[in-house]
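Undergrad: Chains Z and P, in that order, give the protein sequences. Residues 1 to 243 (this note's numbering) are what the first sequence spells out, left to right. Residues 1 to 424 (this note's numbering) are what the second sequence spells out, left to right.
One or more hints might be untrue.
[Said to hold, decoys possible] For lysine-lysine, the following PhoX-like pairs were computed, each having C-alpha atoms within a straight-line distance of at most 25 Å:
#1 P:83 with Z:19
#2 P:83 with Z:87
#3 Z:143 with P:28
#4 P:83 with Z:204
#5 P:89 with Z:198
#6 P:28 with Z:101
#7 Z:37 with P:83
#8 Z:53 with P:89
#9 Z:39 with P:214
#10 Z:204 with Z:214
#11 Z:37 with P:28
#12 P:83 with Z:39
#13 Z:53 with P:28
#14 Z:53 with Z:87
#15 P:89 with Z:19
Source of the hints: derived by calculation from the structure; they are not laboratory data. Just so you know, these numbers come straight off a predicted model, no measurement behind them.
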Amino acid sequence: MSKILVIGSTSGIANEAIKIWLEQGNHIHLYARNHDKLKMQVADLEIRFPGHKIDAFTFEANNLSKTLDQISLDNFDIALITVGELKYSDELVGQIQVSEKLINSNIQIPLAFAQTILEKYKTQGYGKLGIIGSVAGDRGRGKNYLYGASKAFWETYLEGARQEIWKNKNISLSLIKPGPTNTAMVQGRELGNLRLAKPEAVAKVIVNGMERGKSVIYAPKIFQLIMFIFKIMPIKIFNRLSF
Amino acid sequence: MRLTSWGNLSLDDYQTFFYDFNPNLLAKIPKPVIAVGASRSYGDVGLNHLGSNLLTTNLNRFINLDGNLVTAQAGINFAELEKVLNLHKLSLPVRPGTSYLTLGGAVANDIHGKNHHLQGSFGCHIKSMRIWRSDSGVIEISTQREPDLFFATIGGIGLTGLIIDVTFEATEFLGNQIKVENLVFSNLSEFNQINQSSQNYETSVSWVNISGKKNGNGIYSRGNTVPEFAKKITKAPISYPKNLKLNFINSTSIKIFNNLYQNLQKSIKISLVPAGKYYFPLDGVNNWNQVYGAKGFYQYQSVVPEKNAYEVTEEMLNLMKEEKTYSFLTVLKSFGDKSSGGLLSFPMAGLTFAIDLQNQGEATLKLMNQFDQIIQRAGGRVYLAKDARMSREFFESSYPNYEKFNSLRDPYFSSDLSRRLLGF
Numbered sequence: 001m002s003k004i005l006v007i008g009s010t011s012g013i014a015n016e017a018i019k020i021w022l023e024q025g026n027h028i029h030l031y032a033r034n035h036d037k038l039k040m041q042v043a044d045l046e047i048r049f050p051g052h053k054i055d056a057f058t059f060e061a062n063n064l065s066k067t068l069d070q071i072s073l074d075n076f077d078i079a080l081i082t083v084g085e086l087k088y089s090d091e092l093v094g095q096i097q098v099s100e101k102l103i104n105s106n107i108q109i110p111l112a113f114a115q116t117i118l119e120k121y122k123t124q125g126y127g128k129l130g131i132i133g134s135v136a137g138d139r140g141r142g143k144n145y146l147y148g149a150s151k152a153f154w155e156t157y158l159e160g161a162r163q164e165i166w167k168n169k170n171i172s173l174s175l176i177k178p179g180p181t182n183t184a185m186v187q188g189r190e191l192g193n194l195r196l197a198k199p200e201a202v203a204k205v206i207v208n209g210m211e212r213g214k215s216v217i218y219a220p221k222i223f224q225l226i227m228f229i230f231k232i233m234p235i236k237i238f239n240r241l242s243f
Numbered sequence: 001m002r003l004t005s006w007g008n009l010s011l012d013d014y015q016t017f018f019y020d021f022n023p024n025l026l027a028k029i030p031k032p033v034i035a036v037g038a039s040r041s042y043g044d045v046g047l048n049h050l051g052s053n054l055l056t057t058n059l060n061r062f063i064n065l066d067g068n069l070v071t072a073q074a075g076i077n078f079a080e081l082e083k084v085l086n087l088h089k090l091s092l093p094v095r096p097g098t099s100y101l102t103l104g105g106a107v108a109n110d111i112h113g114k115n116h117h118l119q120g121s122f123g124c125h126i127k128s129m130r131i132w133r134s135d136s137g138v139i140e141i142s143t144q145r146e147p148d149l150f151f152a153t154i155g156g157i158g159l160t161g162l163i164i165d166v167t168f169e170a171t172e173f174l175g176n177q178i179k180v181e182n183l184v185f186s187n188l189s190e191f192n193q194i195n196q197s198s199q200n201y202e203t204s205v206s207w208v209n210i211s212g213k214k215n216g217n218g219i220y221s222r223g224n225t226v227p228e229f230a231k232k233i234t235k236a237p238i239s240y241p242k243n244l245k246l247n248f249i250n251s252t253s254i255k256i257f258n259n260l261y262q263n264l265q266k267s268i269k270i271s272l273v274p275a276g277k278y279y280f281p282l283d284g285v286n287n288w289n290q291v292y293g294a295k296g297f298y299q300y301q302s303v304v305p306e307k308n309a310y311e312v313t314e315e316m317l318n319l320m321k322e323e324k325t326y327s328f329l330t331v332l333k334s335f336g337d338k339s340s341g342g343l344l345s346f347p348m349a350g351l352t353f354a355i356d357l358q359n360q361g362e363a364t365l366k367l368m369n370q371f372d373q374i375i376q377r378a379g380g381r382v383y384l385a386k387d388a389r390m391s392r393e394f395f396e397s398s399y400p401n402y403e404k405f406n407s408l409r410d411p412y413f414s415s416d417l418s419r420r421l422l423g424f
């Protein structure tokens with residue numbers, strides 16, 4: 001039995017990963033911003049997994065110190081950070097505050113947790129950390145480049161952190177890059193014929209990848225190939241793509 | 001986004017939105033709206049060429065469990081419900097032939113199952129619901145609060161508002177094995193005799209072999225749960241390849257299949273069948289609807305009152321013989337008199353008949369129109385969850401509550417079916 005922290009637990013992908021971890025008999029600590037959503041999540045999980053132990057905590061985005069202190073007290077084995085939000089470029093025109101909030105949700109808040117957890121792992125000597133990035137971080141697209149840039153942040157951050165701890169084989173840091181997934185993030189958007197992955201399928205890939213300590217996890221796996229093609233595509237061709 | 005329903009009759013691009021839990025979203029998206037669950041209905045009841053199709057399968061949380069009262073969100077599917085309820089020694093009160101439908105779809109179509117003669121339809125077990133209405137936001141409805149709206153929503157094909165969550169009474173979980181008896185009948189009066197003596201069995205259903213030499217022969221299966229807890233066999237169902245646009249259905253293949261199936265079933269007199277396999281025969285092969293090829297298929301399901309039920313069914317079987325109709329899914333089942341009170345609910349005390357018909361254009365439509373005439377004369381009706389073509393005149397004569405129902409609708413919601421049969 002592992003002790004697992006899930007930060008931003010009410011996200012669609014996190015919720016499915018939690019179900020897999022509970023099924024395996026692990027002890028789960030949930031952290032989320034929205035009290036009502038968290039309460040609803042716990043009620044659902046307690047009915048689905050009678051007798052399992054689930055601890056749940058809300059945190060305040062602008063006052064994390066208490067939560068971070070709490071996290072650094074206890075040892076744990078796995079942590080998944082899924083805090084984040086999606087905004088398209090056209091939603092940000094003339095909206096500096098909305099842009100700043102996006103950076104806050106996708107970098108500043110998860111960074112506070114990531115740094116605390118990383119320090120913790122260094123002292124306890126083991127642990128697995130997964131952070132949700134995005135395929136949008138692999139290549140900037142006109143439609144959502146601030147979102148993409150905020151996710152790309154994690155590529156370099158985790159690369160550096162891995163180099164720092166390279167001697168310790170018991171710590172793994174996974175950057176998770178989900179493709180478009182059917183979660184609240186796409187709620188209310190008309191998506192045309194974009195095919196969405198199921199959150200339960202994405203979660204399965206994430207849980208397995210983290211278990212194996214993979215550095216980069218594409219979910220669904222096909223995105224490893226798709227993004228490889230986009231990454232090697234010459235910029236002149238890439239810029240002409242209208243997606 | 002490409003959507004279709006189970007009959008594959010109207011694969012098309014629809015304006016589609018994903019919904020989780022945000023009533024404000026409903027104000028923003030194009031009207032009219034129809035909620036879409038698992039798209040396991042056969043016709044156009046859950047499709048909307050105008051406005052928005054709202055995909056609700058992310059609305060899939062359990063809200064509360066209090067004794068045998070279960071509250072869950074509308075997008076959860078029956079397979080998940082059953083799995084989790086079993087952990088609490090509870091079971092679904094009513095199950096249709098597939099477990100992949102959503103709870104919201106079960107309410108909106110007031111679905112029935114093989115235990116209708118004892119338990120009625122799913123609507124009989126609903127205690128309350130929360131729905132979103134464009135005029136009043138999220139409201140709770142039950143037999144005490146807004147009873148008119150409550151009974152309009154049961155079987156209300158998603159037109160009275162968006163169903164958010166549902167509280168229903170689960171039954172006690174008795175075991176996961178069914179002791180099934182297969183009895184052969186060679187005509188409908190034999191069916192009737194067996195049926196009369198089977199009223200105390202928990203579940204019953206019959207398969208009619210329309211490829212046989214005699215008309216109206218088939219297998220009557222009835223069963224009871226046995227208090228045995230077999231270890232769950234989690235065998236993944238096989239899948240029919242989704243894009244294989246080949247059509248294997250023809251009179252010869254069906255004749256061979258039907259006669260093989262009959263001989264196989266005949267030879268199994270009594271057997272223990274896992275509950276999942278027994279209740280959800282349609283889940284044995286994923287995408288089985290694709291076997292009908294690109295043109296899709298209709299399912300015609302009708303019900304007629306007890307009186308004259310056998311003459312009417314005989315007439316339909318004779319008509320099929322004349323028209324050289326072939327089908328491997330032909331089902332007969334007697335309904336009991338327990339009613340949910342849903343204004344547009346399908347079941348009534350009597351005999352229900354269901355048949356899958358490959359879409360062969362005009363010929364198939366003509367046959368179903370002839371069926372309609374027989375059903376209309378006998379005072380029966382056709383199931384909206386299966387329909388894609390009935391006439392407005394037949395609908396109005398067979399669903400007499402339609403005017404009251406229309407007055408209780410939410411103007412934000414309509415579907416291809418509602419515009420075809422209810423005017424808007």
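Undergrad: Indicate, hint by hint, whether the structure satisfies it.
TA: Hint check:
1. P:83 with Z:19: It holds: about 14 Å lies between the C-alpha atoms, which stays within 25 Å.
2. P:83 with Z:87: Measuring from Cα to Cα gives roughly 37 Å; hence the hint is violated.
3. Z:143 with P:28: holds, 21 Å
4. P:83 with Z:204: holds, 19 Å
5. P:89 with Z:198: This hinted pair is violated, its Cα atoms lying about 29 Å apart.
6. P:28 with Z:101: Cα-Cα ~23 Å, so holds.
7. Z:37 with P:83: Since the Cα atoms of residue 37 of chain Z and residue 83 of chain P sit roughly 24 Å apart, the hinted pair holds (cutoff 25 Å).
8. Z:53 with P:89: holds, 20 Å
9. Z:39 with P:214: Violated, at about 61 Å.
10. Z:204 with Z:214: Measuring from Cα to Cα gives roughly 14 Å; hence the hint holds.
11. Z:37 with P:28: Holds - the C-alpha atoms of residue 28 of chain P and residue 37 of chain Z are around 22 Å apart, at most 25 Å.
12. P:83 with Z:39: holds, 22 Å
13. Z:53 with P:28: Given that 25 Å is the threshold and the Cα spacing comes to 40 Å, the pair is violated.
14. Z:53 with Z:87: violated, 35 Å
15. P:89 with Z:19: holds, 20 Å
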